[in-house]
Every structure is written in structure tokens, then in C-alpha cells.
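Participant: Read off the chains here:
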Amino acid sequence: MTATAGALSPARRGALTRERVLGVVYLALAAVIVFVFARVEGADTSAFGLNLGRGGVQLPDVVVPSAATAYLLALIAASLGAMQLIRGFGTRWAVVLGVVVVAFVLAFLTWASAGGSINFAGLMQSTLQRSVPITFGALSGILCERAGVVNVAIEGMLLTGAFVSAVVASATDNSWIGVVAAVGAGGLLAALLAVLAIRYLVDQIIAGVVLNILAIGLTSFLATRVLTPNPDLNSPERFGEVQIPVLTDIPLLGAVVLENNAFVYMMFAAIAILSVMLFRTRWGLRVRAVGEHPKAADTVGIDVYFVRYRNVILGGMMAGLGGAYFTLGSTGSFEQEMTAGRGFIGLAAMIFGGWAPVGSFLAALVFGFADALQSRLSILNIPVASQFLQMAPYIVTIIVVAGLVGRVRAPAADGRPYIKG
Amino acid sequence: MKLELRGISKAFPGVVANDGIDLVVEPGEIHALLGENGAGKSTLMNVLYGLYQPDAGEILIDDAPVAFADPGDAIAAGIGMVHQHFMLIPVFTVTENVMLGAESVKGPIGLLDTQDARGRIVALSERHGLRVDPDATIEDLPVGVRQRVEIIKTLYRQSSTLVLDEPTAVLTPQEIEDLFEVMRSLKAGGTSIIFITHKLNEVLAVADRITVLRRGRVVGTAIPSETDEADLARMMVGRPVQLEVTKASAKPGEPILEIGALSVLDDRGQMAVRDLDLTVRAGEILAVAGVQGNGQTELVEAVTGLRPIGAGEIRIASEPIRQDPRRIFEAGVAHVPEDRLEEGLVPGFTIADNMVLNTYYLKPFANGISLQRDAILATARQLKEEYDVRTPSVENEASTLSGGNQQKVIVAREFSRPIKLLVAAQPTRGLDVGSIEYIHRRIVEKRDEGAAVLLVSTELEEVLSLGDRIAVMFQGTIVDILEPDEATPERLGLLMGGAHPEEAAADEVSAVAAEIRRS
Amino acid sequence: MSERAADQAPAPETMGVGPPERPSTPTRGQPALVSWLLGVPRALVVPSLALLTALAIGAVIIILSDRDFVTQFGSNPGAALGAGLTSVRDAYVGLIGGSVGSPRAISETLLQATPLILTGLAVAVGFRAGLFNIGAEGQLYAGAASSIFVGFALVGLPAFIHLPLAIIAGIAGGALWGFIPGFLKARTGAHEVIVTIMLNYVAFRFIDWLLNQPFFQREGRTDQISRFVEPSAELPRLIEGFRTHWGIFLALAAAVFVSWLLFRSTKGFEFRAVGLNPSAARYAGMSIGGTLILAMMVSGGLAGLAGASEMLGSNKTLTPGFSPGWGFDAIALALLGGARPLGVVFAALLFGALRAGATPMQVSTGIPIDLVVVIQALVIMFIAAPALVRGIYRIRVERRIGSEVFTKGWGA
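Protein chains in written order, with my numbering: chain A, 1 to 421; chain B, 1 to 519; chain C, 1 to 412.
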């Protein structure tokens with residue numbers, strides 16, 4: 001898309017339209033709050049539980065009048081919507097979007113728990129846990145795409161990691177070896193992608209789709225052929241929760257964040273390490289150079305092919321690790337197609353997060369929240385069918401992908417094979 | 001260092017880019033490499049920098065032969081290159097770009113020591129008068145500053161010979177002066193500079209010696225104090241090949257294409273066409289000459305609806321146009337595009353399909369949404385005969401055709417209907433002499449049928465032989481429009497190189513006077 | 001002369017799709033052109049080898065996962081290998097028998113091939129316009145839902161009205177589901193791969209919901225099953241006693257239609273131009289956005305028709321998971337068939353045979369039907385990387401010199 005800056009060139013017109021759309025959306029959300037979420041009994045209150053039921057400091061529930069809270073949140077959304085339409089928010093538009101979304105969600109929760117209570121802390125913890133595979137998927141995507149290779153096979157790598165970790169952990173009776181095997185399997189699949197895309201110049205997306213189909217087919221086949229008759233190969237030991245002493249006593253945050261299984265901690269570590277490596281080291285500078293302008297990198301002596309191969313394989317290993325979460329960190333056994341699209345959601349989180357580890361994690365939290373919400377809300381009596389809530393993560397993904405294209409910058413050479421001239 | 005290129009030859013499929021070139025650059029010398037597009041300058045430098053391997057010849061540094069397998073070797077030997085298209089990463093800062101590949105690090109995991117690099121950059125910047133802000137992001141910087149960053153990149157790696165490939169192509173006059181100061185300062189410090197350009201005045205202003213290339217060969221060397229622009233222009237451009245098309249004189253009629261105060265931005269948001277006025281009448285060929293990169297592409301795209309107009313107006317047959325290629329086409333405009341494979345043809349389509357690429361939806365080629373294959377094939381066969389397209393069958397894919405025949409397909413398609421305006425951009429690029437002659441004849445025929453023709457070309461012979469009026473485009477504007485008898489190669493060369501018309505005229509006068517005195 | 005970099009590979013969207021003889025290699029030195037020029041037989045070489053290789057690897061997988069093989073390998077490799085090979089033989093014999101070994105088998109093959117032809121055509125149309133439609137599965141479900149709804153909601157209509165209406169409803173449902181990603185791509189540039197995949201999941205959930213609604217769910221049932229289609233909206237059987245229905249004719253008719261559309265209509269001309277060279281298409285005045293939207297709608301409509309055919313012909317009722325992944329197989333089919341309708345039909349017949357034979361194979365040998373999925377995935381992989389196949393089998397490909405066009409390449 002060419003960027004011209006005449007009086008009413010397409011780019012500026014586009015920006016205006018986007019701002020208008022956002023403003024209208026905020027107002028619409030406010031309307032939904034007023035006409036749906038505020039429709040509760042006048043005397044109803046919503047209680048937000050802030051404890052996880054373990055020791056430590058017990059916080060009292062936060063109790064708010066349902067209707068009034070909803071109206072307040074609607075007011076916030078509406079005024080922001082009006083301001084957006086009138087003036088726009090310039091560079092702070094993302095923050096405002098975040099505020100409106102949070103307001104909307106809080107209003108929804110208030111409505112859902114009107115006359116009752118909702119375990120907010122539990123919701124938060126569930127959010128964190130569900131964001132783990134998505135984050136790993138996003139980190140995998142970052143490793144690949146920052147070097148300029150599109151990887152849509154993350155889904156397949158997650159699935160392969162899940163399968164391999166379950167089987168190996170069961171066979172060796174050692175979950176850590178299962179994790180290592182998953183990492184290796186993910187790396188292997190990624191190596192295949194790298195060879196297809198870099199050496200044989202197969203279109204990166206076709207290669208990714210093919211590998212996904214292969215992974216789904218192979219894991220389903222082997223699950224039926226090998227795991228069903230041998231259930232002892234599919235009963236690995238799950239990672240237990242690891243509590244960090246003292247710090248878990250911090251109310252709310254402590255319990256939610258610091259009483260989780262190893263995968264959550266590994267995720268935090270991965271986010272931190274990748275962040276530092278990517279943005280503060282020579283390694284990261286070179287990777288990003290290859291992803292932005294491989295020819296420039298080549299002219300200063302960087303081996304573009306090597307960097308791409310290496311990063312894709314590392315990405316695969318990261319995805320394999322994330323895949324192990326499904327079995328060893330969550331359900332404890334492998335089921336066919338258990339990843340249910342998390343790999344793709346991870347890609348969306350990566351885009352949403354601006355191809356950065358921390359940003360992707362925050363985006364993954366959003367998706368994780370949608371995921372956690374829909375599983376909890378079946379308990380509460382809301383007139384919205386659970387299936388629509390289940391759709392939420394996917395619809396959010398579509399909106400993100402459609403809305404953010406052009407707003408966020410992919411690495412400039414993403415998806416384009418490099419051919420030494 | 002003393003750098004010598006001896007007998008360098010390099011060929012690509014179908015083209016000989018460098019043919020036995022010798023070049024000697026003494027230490028601490030600013031050596032200019034002058035030539036038109038296609039002369040072989042960039043190829044030669046890419047050979048020097050290790051991006052290409054020469055087919056023949058050798059490179060000597062301080063009289064010892066060296067071989068560069070890749071840019072790393074060249075950099076290690078002390079050669080630094082500032083490419084015409086910058087090798088800078090837009091989203092990185094100045095420091096990051098300069099550091100890349102030669103990073104300062106501390107600690108076991110290779111943490112970037114930005115402070116150290118910054119310090120060195122600031123030092124270099126002050127020493128050579130290259131003002132840059134080390135923390136600025138490249139994409140925010142104007143082109144002139146980006147170039148300084150590229151120069152600092154080479155100095156950072158302690159290069160002793162600096163190659164500047166068309167550095168002034170994107171600079172304002174003031175920035176050019178600044179650049180010359182930097183060059184002189186570098187030279188004073190012992191750095192040799194190879195300065196590639198097509199602009200005559202610059203060469204005379206700053207070079208110690210000049211080597212002129214034409215069509216892959218060295219045609220002469222000169223010393224600025226002993227030569228002048230006219231002389232250099234003659235060497236650079238050469239005598240025109242006698243590709244004269246016999247044509248009757250033009251009978252211009254109504255203005256068909258009227259461009260007023262047109263400004264157009266290029267893909268990077270820079271002004272490519274500035275406040276340009278131009279009129280083309282029915283029955284005349286207006287040829288626009290100029291070195292590639294002076295806004296011609298954007299001008300053509302604006303006229304044919306492929307690029308939005310920033311400011312100003314374009315009228316065709318007195319109607320202002322909407323930037324919609326199909327509307328413009330239906331208004332009677334034919335476009336022979338600059339890049340036949342990228343824009344003019346769908347290589348995977350058959351020749352026949354390509355011949356109806358913009359008419360497929362009209363009768364007789366379509367009846368509603370149903371394509372009439374027979375009509376398409378019949379027309380295609382007829383056009384193939386008429387335009388002499390060499391192919392066994394019009395149902396072969398267009399990619400099987402040679403360049404000349406592909407262009408004929410495009411020409412056949414565009415010329416075979418009544419048109420008011422023909423826009424032809426580089427219509428004979430890369431073609432053999434026979435095809436060139438053929439297409440030139442056809443263009444003149446169209447003119448005689450009453451069409452207005454806007455011809456944009458970097459080939460001087462083409463411009464001179466076809467143009468009824470000749471405009472020269474430089475840095476986005478028309479610097480002058482000449483009648484055919486005023487348009488000598490020297491004069492055109494001067495205008496294309498940015499020399500002022502009055503000076504050109506003055507030069508002519510003094511040259512003639514000198515002739516008279518000598519006789 | 002401006003610098004046309006040699007590393008200017010075509011954009012991902014338009015790369016690598018088209019006849020198998022035109023793989024995703026850069027335009028310099030087009031080796032694949034040769035295959036086409038040397039005639040059709042050559043064009044079959046790579047797909048055939050791909051299939052054989054995939055079958056071979058499939059055999060390896062069968063052997064390695066065979067219990068007898070694994071337990072005996074350490075002590076008696078010979079017997080282990082024998083057991084493994086027996087497994088393979090049984091599997092492939094079962095496969096062949098189940099697919100073409102009897103009239104019933106052939107009928108099953110045609111039955112399985114019908115939705116495959118339609119979804120394969122759907123993806124092929126998308127490919128032609130440069131679009132990766134991974135959402136054929138969701139579009140299939142959308143079409144199934146809309147067609148079955150019309151099928152049971154309208155009572156008392158004569159068959160010659162009701163049946164076409166239900167079919168049209170199916171096409172419309174799929175077309176709507178295809179419109180969304182097309183529109184988003186045209187307007188916002190959102191990549192259709194992610195959008196279509198997401199819409200697949202949304203479709204599945206939506207069907208789940210529908211099947212719990214009283215107006216949709218069969219009376220008296222609490223499980224997820226819809227009402228029966230009215231007899232007036234059923235696709236009749238071809239021959240009494242066999243399950244094949246008129247859907248196969250719909251599928252073949254669709255193949256003819258797609259062939260006409262792509263090669264004999266102005267719209268198809270536009271699809272192909274946009275898919276092969278969007279710059280030239282734009283230069284020629286075509287509307288890129290409009291073309292993309294239309295292509296996605298046609299693609300979705302074809303997949304929707306597949307859903308309708310299954311509902312009205314085979315199942316007569318909607319359940320979740322009625323499709324064993326036809327929409328995903330479609331990607332393989334489109335690649336295997338070279339995005340040509342005839343190729344897709346043959347590929348669909350092949351895959352239909354594999355699927356039809358898979359169940360009897362599982363019944364008689366216990367080898368899960370997912371093996372077929374694996375083989376299919378391998379086939380796609382080899383098709384997508386013909387260079388890989390050529391590398392394995394060392395097929396020489398001559399380079400054509402002299403007809404190269406050399407406007408690109410070197411800077412002056």
C-alpha cells in the first residue's frame with residue numbers, strides 16, 4: 001500500500017475511517033452495557049471473590065451494586081467513544097482501546113455475577129494458565145518471523161510436542177525427559193519447515209499448512225494405533241504446583257501468579273530471556289536485521305540462511321515445549337487434536353503484541369481470559385449460550401488480525417524468501 | 001591504498017556489463033566514474049565489493065592481486081561501499097545500523113554496548129563533519145542524513161577506499177555541497193574515494209580524475225582542469241547511432257493531454273514529480289528524456305491512473321481524469337508500460353489472452369460474462385500477423401516469447417484500437433535492433449493517425465529520432481522543452497545532468513567562438 | 001536502467017500454486033516449464049512419484065507401529081520384518097478391496113469422492129485467484145446447516161421446488177462464509193489463512209449451538225442431532241441398494257461449471273490474472289478487491305454445496321463432526337490436481353478411494369483410518385515441493401536458455 005500524503009490521500013482517509021469505526025464501536029459497546037448488562041434487579045450486588053482458597057492473607061470479597069457499576073462503566077465507554085469520534089487519541093489509541101475493553105469486560109462480569117458472586121481470583125489464575133500455550137506459540141512465531149520466516153505450522157508443532165511429551169514421559173516415567181523430547185520433536189518438525197521453505201523455496205504458508213496436516217494426521221494415527229491399546233503410554237505424570245515461599249502470601253497477585261506449575265514459570269523465563277536476547281544483544285540485533293532487510297545484513301557479512309535455519313528450529317523447539325504443556329501441565333493425557341487452534345491464536349497474539357515477547361504475552365492473556373471466561377460461565381446463569389462464548393477467542397483473533405494489519409509493523413522481509421543476488 | 005582494476009569483464013545472460021575495464025585509483029584521490037544508465041558503473045563496483053565475481057580481470061591493492069569472495073573480504077581489505085539504494089534498516093537507529101556486523105558487546109551473552117558504539121560514532125561524526133544523531137531512527141531521517149549514516153558505517157570499519165554510488169541522486173543542492181565538504185575532508189585524511197555519477201557539474205567540482213564509461217567500456221579519462229561539461233557530455237553519450245526513423249513532420253492538433261502543476265509522491269512519500277506542467281497535442285510525439293529516477297515513472301503512473309495525484313490536475317481531451325485505470329483506458333488512452341513482465345503481461349497467460357488483457361470484457365471478446373474464445377483467438381492470430389510476433393501459436397504462454405516479441409504483444413494490444421493518447425514508457429528497453437525499429441515505426445504511425453504520444457525514455461537515440469518536441473525531466477520537473485533542431489546530444493546531456501540551459505547555451509556560444517578562433 | 005533486484009521473488013500469495021509444473025521457484029530459469037512443454041505424461045510423473053513415495057512411507061509407518069514387529073524386532077528381525085510386511089500387505093489389500101473391489105466398494109468410493117470433488121474445486125478456485133482458502137471445512141458446515149434447515153423447515157413443497165431451494169440455501173450459506181474472509185482481505189489486507197481457520201472454529205461452535213436449539217434439534221432427542229430432512233428435499237439415490245446419490249452429478253456438474261468459469265468467463269479471466277500477476281491485473285483495469293471477494297464467495301459456495309450434498313443425499317440429518325475433514329483434504333486435492341477441475345476430479349476420486357477403503361481396512365486389520373490422512377499429508381508435501389521429489393529421484397530437468405527475458409538482473 002503506497003503511502004501518499006496529499007490532502008486526502010488514501011492513507012489518511014483510511015486512518016480517519018479507522019478512528020471513526022473505533023469511536024462508533026466504543027459507543028456501541030456502551031449501548032450494550034446499558035441495555036443488556038445493566039438490566040438487573042435494582043438491589044442486586046455482584047461479589048468478586050479475591051481468594052483462591054488457600055492459606056495466606058484472605059481478602060474480603062469486593063461487592064458492588066450491579067446496575068450502578070454497569071452504568072458507570074457504560075459512561076466511561078461512551079465518553080471515550082465520543083472523544084474518539086471528535087478528536088481521536090493519536091498515538092494513545094491502543095491504551096484507550098484497552099481501557100474500553102476492560103470496562104466492557106468488567107461490566108459483563110458484573111452482569112454475570114449479579115445476585116451472586118464470581119471467583120475473580122480463580123478466573124485470573126485460569127487466565128494465566130490458559131495463556132501458556134498461546135504464549136509459547138507466540139514466542140515460537142516471534143523467533144521465526146523476526147528472522148523473516150512465516151510459520152503457520154505452530155499448531156502442528158504444539159500438537160507434536162503434546163504427543164511426544166505424553167508418550168516419552170509415560171515410557172520413561174520421567175516428565176522432564178518428556179519435556180526434552182517434546183522440545184526435540186518440535187525442533188525436528190521445524191527443521192523440516194526450514195528446509196522446505198529456505199532450501200526448496202516452497203511457499204512458506206503452504207509448507208506450514210502441510211506440516212500441520214501431517215502433524216494432525218500422524219498424531220491421530222499413532223494415538224489410535226499405539227496409545228489406545230497401550231494406555232500406559234498415555235499416562236504421564238503431570239507437573240505439580242510449585243509454590244514460591246513467602247511471595248505467595250501476597251494477596252491476590254501472589255496466589256494467582258506464583259502458585260503454578262513449572263510451565264508457567266518456564267513461560268515467564270522464556271519471555272524474559274527472549275526479550276533480552278532479541279532487543280539487547282548482538283544475537284538479537286542480527287536476527288532482526290535479517291528479518292527486516294536481509295540484503296543489508298548480507299552486505300555486512302551476516303549469514304542470512306544460517307540465521308533463518310537456526311531461528312526456525314529454535315521456534316520449533318519453543319513450540320514443542322508449549323505443546324508439552326497440554327499434556328504434562330494440564331490434562332495429563334494426549335487426546336487427538338487437543339490443541340484446538342491455539343497455535344493460530346498464538347500467531348494472532350504475536351501480531352497483536354507487535355512481534356515482541358512481552359506484548360504477545362499480554363495479548364495471550366486477553367485470549368486466555370476469553371477462554372477461561374467461557375469455561376466458567378457455564379456455571380453461572382447467563383442467557384448466552386456457552387457455544388457463543390467459546391467462539392469468543394476465535395472472533396477476537398479475526399478482529400485483531402483484520403484491524404491491526406497495517407497498524408502494526410511486521411518485520412519487513414517477513415515471508416519473503418531470500419535469494420542471494 | 002592504491003587500488004587498481006585491470007581488465008575487468010563481467011557478463012550476464014544476454015548483456016555484457018563490463019568489457020575489459022581498467023581503473024586506477026591513487027591513494028588519497030577522489031576519482032569520478034562517469035556514465036549513463038546501463039554504462040556498467042554499478043556492476044563494476046559490485047565486482048570490486050565482492051558481490052559479483054568477474055569473468056575476467058583482476059583487482060590489485062598496492063600492486064598485489066587480491067580476490068574478494070564476498071563483501072566481508074572487501075570490507076576486511078579496507079573497501080567501504082555506500083550503495084545507491086541504501087543498505088539501512090529503517091526501523092533501527094543510526095547506532096544500530098552502524099554497529100551491525102561489527103557490534104561492540106560486553107558480557108558472555110553478547111549484550112550490546114551501545115554506549116561504546118555511540119561514542120565512536122560521535123567521534124567520527126565530529127571529525128568529518130558528518131552531523132548525525134546516533135539515537136535517531138533511520139526511517140525518520142531525510143535522505144541526506146541517511147547517506148551520512150552510510151558513510152559513517154564505512155568509516156566505522158576503517159575503510160581506506162570509499163565507493164559512493166550515485167550519492168547525489170537524492171540530495172538537495174545544499175546537501176550536495178555538504179557532501180563535497182565531507183569528501184574533501186576524508187581525502188585530506190588519506191581516504192580514497194570512488195565517486196560514481198552521471199552528473200557533470202559535480203564531477204568537475206570535486207573530482208581529481210575522471211573515468212568515463214559507456215556501454216561497458218572505458219571511453220576516456222580526463223582531468224577536471226583540462227576539460228568541461230560539453231566535452232564530458234560528448235564522451236558520456238557518444239554519437240547517436242543512425243536509427244533515424246523517416247517521418248513526416250508533425251501536424252499537431254488539439255491538446256489531448258494537459259498536465260497542470262502536477263505533484264506526485266513516490267512509494268517512500270518523497271516528492272517525485274514537482275509542480276510539473278506539460279501539454280501533448282494530437283498528432284505529435286512529445287518525448288521526455290532524462291536519467292532514470294527523476295520522476296518519470298511516477299509521472300507515467302499518475303497519467304495512467306496507477307498512482308494517486310498529490311496535487312495539480314491532469315486532463316485528457318479536456319476532461320479531468322479519475323485515477324481509475326479502466327476509466328482512463330476507456331477514455332482512449334493506451335499505455336505501454338515500463339516493465340513488461342511486471343505490469344504489461346501476465347506471463348502465465350497465453351499470448352492470445354494477453355492480447356485482450358484489457359479488452360476481454362468488451363464485445364466481441366465477451367458476451368456478458370461469457371468469453372468468446374473464437375473471437376479472441378481470431379483477433380490474436382490477426383494481430384500476430386500484423387505485428388509480426390514470432391511464435392508458433394498464439395496459444396502458447398507469453399513467457400515463451402523473447403523480450404522483443406513480448407513487447408510486440410503489448411504494442412499490438414495497445415495499438416489495435418482507436419486511441420487518443422498513447423503513453424509509452426521505455427518501449428524498447430532490452431530489445432534487439434529489429435524490434436526497436438519496428439516499434440518506432442508503429443509509434444510514428446499512431447501519431448500520424450492523430451494520436452497524441454507521450455514517450456518517456458532514457459535512451460537518447462530514441463528520444464532524438466522520435467520526438468517532435470523533446471522535454472527533459474530532472475528531479476521531478478521539466479527543465480526545458482526543445483525543438484528537434486535544438487536538441488543536440490550535448491545539450492540534452494547537459495540538461496539531463498542538471499546543468500542550466502543558459503549555461504548550456506553559453507557553453508555552446510563559447511565553443512563555437514573557440515572554433516571560429518581556431519580556424 | 002533501474003536496479004531490478006534478482007531477489008525479487010513473487011509475493012507469497014501468488015507463489016507456488018498452479019499446475020504442479022509451476023512450483024514455487026523464482027522466475028529465473030524456469031525449469032518447470034519443461035514439464036508442461038513435454039506434454040501431459042510428464043506432468044503426471046511428479047504426482048505419481050509423490051503418491052508412490054507417500055505410500056512407501058506409509059508402509060514404513062505401518063511397520064514401525066505394528067505390535068508384532070516391535071516386540072519381535074530385537075529377537076528375530078527376520079520374522080519381525082515378515083510380520084511388518086504382512087501388516088502392510090493386509091492394509092493395502094484391504095484398502096484396495098474396500099475401494100474398488102466390488103460394486104459396493106465403487107459406490108462407496110463415489111460417495112466419498114463427491115464432497116471431495118466439491119471442496120477440492122473450492123480450494124482450487126481460491127488458489128487460482130491467489131487465495132489460500134483453508135476455511136473450506138467451515139464453509140462446508142455453513143452450507144450443511146443452511147441446506148438442512150431449508151430441508152426440514154419448509155413442509156409441503158413439491159420436490160422440484162424444495163430440493164433446488166435446499167441446494168441453493170447450501171450454496172448461499174457457504175458463499176456467505178467465504179465472503180467474510182474475502183471482504184476482510186480486500187478491505188483490510190487481513191490474511192485469509194488466519195481468518196478462514198478462525199472461521200472454521202466459529203462455524204463448528206455455531207453448529208454446536210444450533211443443534212441444541214429446539215427449532216433445530218430433533219424432537220425427543222437431547223443429543224446433538226438435527227431434524228430429518230423432508231423427503232421432498234432429499235437427493236435421490238442412483239441405483240437401489242447402493243448409497244450413491246445424485247450428489248455425484250452435482251459434483252461433476254460443478255466441475256464443468258468451474259472449468260467454464262475459470263477458462264471461459266470474464267470473471268475467471270480476472271481471477272487468474274489477479275492470481276498470477278496482480279500488478280498487471282491492476283494495470284489492465286481490473287478491480288483487485290472485487291475479484292478477491294467474488295473468488296472467495298464462489299469458493300465458499302462450492303464448499304457449501306458439498307455440505308448440502310452430504311445433508312440432502314447421504315446423512316439426511318446434521319450432526320457435529322459429520323465431515324471427516326473434507327475441507328482439509330481439499331487443499332491436497334487442489335494441489336494434486338494442479339488447480340485444474342479435471343485434475344481435481346481425478347485426485348478426488350483417488351482420495352475417495354483411499355477413504356472408502358480405509359474403513360474396511362481398519363475393520364479387517366485394525367490399522368486406523370488416520371493412516372490415510374498421513375499418506376495424504378505426505379502426498380501434499382511432495383507435491384508442494386516438487387524439487388524435493390526430483391531431488392529424491394534425481395529427475396533431470398533441462399533448462400531452457402535463449403528464451404529468457406532479461407529485463408531484470410543487473411544494475412548499471
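Possibly wrong hints are sitting among the right ones.
Label-pair distances were calculated between CB atoms; the ranges are [claimed, not checked]:
id, chain 1, residue 1, chain 2, residue 2, range
1, B, E319, A, L85, 20 to 28 Å
2, C, G189, A, A272, 31 to 39 Å
3, C, G74, A, G332, 54 to 62 Å
4, B, E319, C, G189, 43 to 51 Å
5, C, G220, A, W176, 50 to 58 Å
6, B, F180, C, G189, 54 to 62 Å
7, C, W260, B, E395, 34 to 42 Å
8, B, D448, C, W260, 40 to 48 Å
What the hints contain is simulated information worked out from the structure, not anything from laboratory work. All values derive from a computational prediction rather than experimental measurement. Glycine included, every Cβ here is placed at the ideal spot set by N, Cα and C.
Participant: Look at each hint and say if it fits the structure.
Facilitator: Here is how each hint holds up against the structure:
At roughly 37 Å, the beta-carbon separation of E319(B) and L85(A) lies outside the given 20 to 28 Å, and the hint is violated. For G189(C) and A272(A), the Cβ-Cβ distance of about 33 Å falls inside the hinted range of 31 to 39 Å, so the restraint holds. Separation of G74(C) from G332(A) is about 31 Å and departs from the stated range, judged on CB atoms against 54 to 62 Å. In this structure the supplied range 43 to 51 Å is violated for E319(B) paired with G189(C), their Cβ-Cβ distance being about 32 Å.
At about 52 Å, the beta-carbon gap between G220(C) and W176(A) stays in the expected band of 50 to 58 Å. Checked against the hint of 54 to 62 Å, the pair F180(B) and G189(C) fails, with Cβ atoms roughly 44 Å apart. Taking the beta carbon of each, W260(C) and E395(B) are about 18 Å apart, not inside 34 to 42 Å as hinted. At about 43 Å, the beta-carbon gap between D448(B) and W260(C) stays in the expected band of 40 to 48 Å.
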